[in-house]
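Dock chain to chain to rebuild the complex, using the hints, since each chain is given by itself in its own frame.
Chain residues, written in single-letter form:
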Amino acid sequence: MLRIVLRRLGATIPVMLVVAVVVFLMLHLSAGDPAAIIAGDNATEEDIALLRKSLGLDRPLAEQFVQWIWQLAQGDLGVSIFNRVPVATMIAQRMEPTIALTVLTMTLAVSLAVPLGVLAAWRVGTWVDHTIMALAVAAFSCPVFLIGYALVQQFARTWKVLPVQGYTPLSEGLVPFLLHLALPAISLGLIYTALLARMTRSTMLEVLGEDYIRTARAKGLGVRQVLLQHGLRNAAVPIVTTIGLGIALLIGGVVVAESVFAIPGIGRLTVEALQQRDYPVIQGVILVSSLAYVLVNLLIDLSYLLLDPRIRY
Amino acid sequence: MTDSPVLQIEDLRTQFLTHGGIAKAVDGVSYHVNRGETLGVVGESGCGKSVTALSVMRLVPDPPGRIVSGRVLLHGQDLLELDEAAMRRVRGNRIGMIFQEPMTSLNPVLTVGRQIEEVVALHQNLPARQAAERAVEMLRLVQIPEPQRRAREYPHQLSGGMRQRVMIAMALSCNPEVLIADEPTTALDVTIQAQILELIREIQQRTGTAIVLITHDLGVIAETADRVVVMYAGKKVEEAPVTALFDAPLHPYTRGLMVSMPRLDSPLGPERGELPEIPGMVPSLSALPEGCRFAPRCPLAVQQCREEPPLIEYAPGHVAACWRAGE
Ligand SMILES: Nc1ncnc2c1ncn2[C@@H]1O[C@H](COP(=O)(O)OP(=O)(O)O)[C@@H](O)[C@H]1O
Ligand SMILES: [Mg+2]
Chain B
37 MLRIVLRRLG
47 ATIPVMLVVA
57 VVVFLMLHLS
67 AGDPAAIIAG
77 DNATEEDIAL
87 LRKSLGLDRP
97 LAEQFVQWIW
107 QLAQGDLGVS
117 IFNRVPVATM
127 IAQRMEPTIA
137 LTVLTMTLAV
147 SLAVPLGVLA
157 AWRVGTWVDH
167 TIMALAVAAF
177 SCPVFLIGYA
187 LVQQFARTWK
197 VLPVQGYTPL
207 SEGLVPFLLH
217 LALPAISLGL
227 IYTALLARMT
237 RSTMLEVLGE
247 DYIRTARAKG
257 LGVRQVLLQH
267 GLRNAAVPIV
277 TTIGLGIALL
287 IGGVVVAESV
297 FAIPGIGRLT
307 VEALQQRDYP
317 VIQGVILVSS
327 LAYVLVNLLI
337 DLSYLLLDPR
347 IRY
Chain A
2 MTDSPVLQIE
12 DLRTQFLTHG
22 GIAKAVDGVS
32 YHVNRGETLG
42 VVGESGCGKS
52 VTALSVMRLV
62 PDPPGRIVSG
72 RVLLHGQDLL
82 ELDEAAMRRV
92 RGNRIGMIFQ
102 EPMTSLNPVL
112 TVGRQIEEVV
122 ALHQNLPARQ
132 AAERAVEMLR
142 LVQIPEPQRR
152 AREYPHQLSG
162 GMRQRVMIAM
172 ALSCNPEVLI
182 ADEPTTALDV
192 TIQAQILELI
202 REIQQRTGTA
212 IVLITHDLGV
222 IAETADRVVV
232 MYAGKKVEEA
242 PVTALFDAPL
252 HPYTRGLMVS
262 MPRLDSPLGP
272 ERGELPEIPG
282 MVPSLSALPE
292 GCRFAPRCPL
302 AVQQCREEPP
312 LIEYAPGHVA
322 ACWRAGE
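Heads up: the protein sequence lines correspond to chains B and A, in order.
Start counting at 1 in the first sequence, then tack on 36, and there's your number in our numbering.
Start counting at 1 in the second sequence, then tack on 1, and there's your number in our numbering.
Here chain A stands alone, though its shape is the one from the complex (with noise of 0.2 Å):
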């Protein structure tokens, strides 16, 4: 395992184009990933999350939306300089991805091999009948029961959790150097969640996948992720490896996520909706408020909070974006 990254987003902006102005979507994030390494990134719904992953593929629905700036840089070429047939080299081949909702991410018209065999067609030139074999192979490898038999079934046939199988079998089919899974588990059941997620970290320890695993819940990523970037309003304003954040979490929208996280032993039960909340609402991404963006919900915003914080290194790996970080 070597710690060169595999993906480094750099500075990067993108915005939409609404009725209502400019939206700020992803407003300068940055990040990376190395080999065999598992990124979550985590925020409230609405903070960029998604839109950061679709820039990395370029496919952030254009209009209204607009890669602005930045790079994108896959094993140290920028993806945002290629040129649409190149990077529909990269889509499915070098960077897989899988999205939230398996119920509606597979096309209800073409059986599941199918799917996967036309992309191991497309990338790797193979013949019909291995591109069959490998979709066979692809299937198993997700731990779906008879997958001969599934391989020739419709989506509507599968189950939830078998259509993430099969997501995540056709994501991961040609063997990409990264892999970004965008709430994988959201729409599922607990259990059906915790196999999903075990599947994912068992394929990377076979292959050395690099995976950005994005949700909005700190759960997934204490399981999960070997390193954390917290979003709040299209800024990263906390990253730090998983024990770290967990242990001494520097900004107070972690904080506040933290509290507001269900745990099994609580009294309350895991029922989300009897939780405590962070009080307020994620601020209108075309009407920021001046300076730090988290300041009207936060409990400890002060004067010098009209200021855009900057993020600062706090301890090896660890980094912020609060004035009061340090303290």
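With the rest of the complex left out, here is chain B (with noise of 0.2 Å):
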């Protein structure tokens, strides 16, 4: 286990190396001068120049390239050319609300997608599966901002009992923490439930009508049995799929969650030196959403080899 575990780790590394090449291209060549990018708009020609032979810009790209990578790989990921920040500090002080987000997104998504799924494989054709279908679908339409707009009326301004906008860290205490999370969090999920929710009925409905299925009954189990210890057991490696996937479309959800809630998460950090054209911030947001990625990735296949003996890689 832990070899393979080990392997697949190694494996990340060539992945991650050519998104940085990307990364480090993407300012290299499509954005024209570096060293003028970086001295900003009111810099002489003089200052870029200045700039161009301190940065190191003046030689060879491979060789700038091998610079690079040797500085990210003892984590350093630059200083921004707005305020002069190491980048690496700026996305540590930006994570912690992006991840909580994230995950009570996903925690929220899971939690509500899967037994409603399951509960409606299980009345398929019922008007209890109708019903959690239609919600689904409904929830499914809806986009984020609209959702997170409408619940910010209702809860917030409307009945005042959730805050409108912005983020309490944990460490002030769970409750806000949590108050503060709850509107983004859900306005978030609910696609993600309802396309979770779909995933799961459709892969139970497979499953509940296999052979082993009809063993599990005739030996006498009970609805709750065959449904989680045959059924869902039997199910888990496309939901979790799924679940992996929905953390990756994640990424792009949390930028518009946490501009509509003022959260001042990696997403915001995202538009605002985008809007700076901080070039350094926006490599460093980009290498460490990529590793983030293909972190959860492997994890997801990793857990391949617990939920199904017969996978082995």
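A few of these clues could be false.
Said to hold, decoys possible - Stretches of chain B that chain A covers, calculated by requiring three or more beta carbons in the stretch to come under 8 Å of a beta carbon on chain A:
no.	segment
1	242–248
2	261–271
3	340–346
The hints are simulated quantities; they were obtained by calculation from the structure and are not laboratory data.
Beta carbons: idealized from backbone N, C-alpha and C, even for Gly.
See the structure below:
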């Protein structure tokens, strides 16, 4: 098992290298003169020349790349052009809200969608199934910002039970932390809940038609054991795959949710960096989110080993 | 060995609501099985053998299926009247069932030991460790080598024959009064088939379990059954002790089955496809002919066959539903 984990971890290195090359070339090839960009709009020719030399931008591209990778390997993501703070520090400061929002959203989605999907499959063709699926379609066709504004209007402005915007870190207490994240997580999570519920339902439907489910029932097992131990266990791989996909897709949704709810996370940082053309920050964000994506995928892959004894890497 | 029926099915009717109408898959079938006895149920594929068995277990997929009427008596108690919780205490406990497809009938993500433990723990209220011991013991009983190790393996690590042994172990783990084996060897090759049948026979001698052995293969019937029920298009058309059936089959359908039965001494060899089949097709269960359902395919059919023939006893324990059976 440990050997498999290490081997798979090793296999992510080439992937991350490709990402690094793309990110590096993004600045050096497509954006024009990096020195001019980094120096900003008000810099003189001498400023730019000086900067180019001090940053090593006058050396060959390959050499610069090696230098850059070397720094990355040591955790040095460069320095923000805008406020001269190390990019790594900036990202670290913005990490908590984003991770909190993502984890809460996915937890909410999974704990709602999987039971609903199983229930719909078990009661297929009945009004229970029809209602759950109708809700899923409705949730699926509402964009995040629309749900967000509607929820804010109702819960925050009309009923005043939840804060309109903002974020309080976990260190200031669980309740205010959760209250602030509730609306963003719900509006962001609704689509994933819908997606996952549909996926769970269709996978479960397929599994419930299998011969071993008939065997389980012929053993006299009750509904719960048949559905969970024999049904859901066999539906787990596709469901977990969808969860993983959801986390990846969430990276885009988080940017919107953080803007709508004024949450100081990575999404907001990205928007700010783009507006300010703060290239080192943009590069850093892309690298870190790619790494997160690759690691989530790795985790999903490894979870298959536990979920299905037939799978061997 | 007593002769009181352990399981008795009376006038069972099970129907499916399909696009083409109501399919009368089981249409007034009655049979019984005694303690220590093996009842063979034979008939072409689609004649309602499995649906009868699933009706006994009350596992007919609903929708589209429904048990319309009849009684299923287990030691005189009608299973069709039990509530679901009471029925669950019968399944796997008092009636065990084995299915045709050993490759797909076991749960692929649970160890085989676990799948046996589960049923023992459920019905016998055993603590986990004893249930695990019982599972290994059952694997030993069905002659799986190295049962300790095999118990920790998953179905995909076992061969088809082994898996069917596991199914048997599972079905017998709570010492059921009745074992229903639905084509237990059909998916297996000939040598494995013989071993599995031998195993079932051995276990029966030891435990006295009543067995309902469903098959479309008269060869299997000849080897294992004490008494035989022949089914055609949802009905019982003949019933007889096994020797009587082979010595003097009464129904033309039974005779047709015997003619098309593969024989090792046949010059054509055991290849089923080369042997003469009964001409024609099994009628659609939602558009059955009037009268005798076999008449359209029957070489002996006469005018009278437009009326439904009753089941008549021609010799002790030998009944048939055919107007011309007495001739
Ligand atoms: N799930 C089902 N849905 C609709 N019809 C079914 C279903 N299962 C069985 N039937 C009908 O019942 C008939 C008898 O099936 P079955 O008992 O499985 O035959 P066999 O004798 O081969 O075991 C079939 O011909 C089919 O018309
Ligand atoms: Mg069948």
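How the hints compare with the structure:
{"no.": "1", "hint": "242–248", "verdict": "holds (count 3)"}
{"no.": "2", "hint": "261–271", "verdict": "holds (count 5)"}
{"no.": "3", "hint": "340–346", "verdict": "holds (count 4)"}
No hint from the list above goes unmet by this structure.
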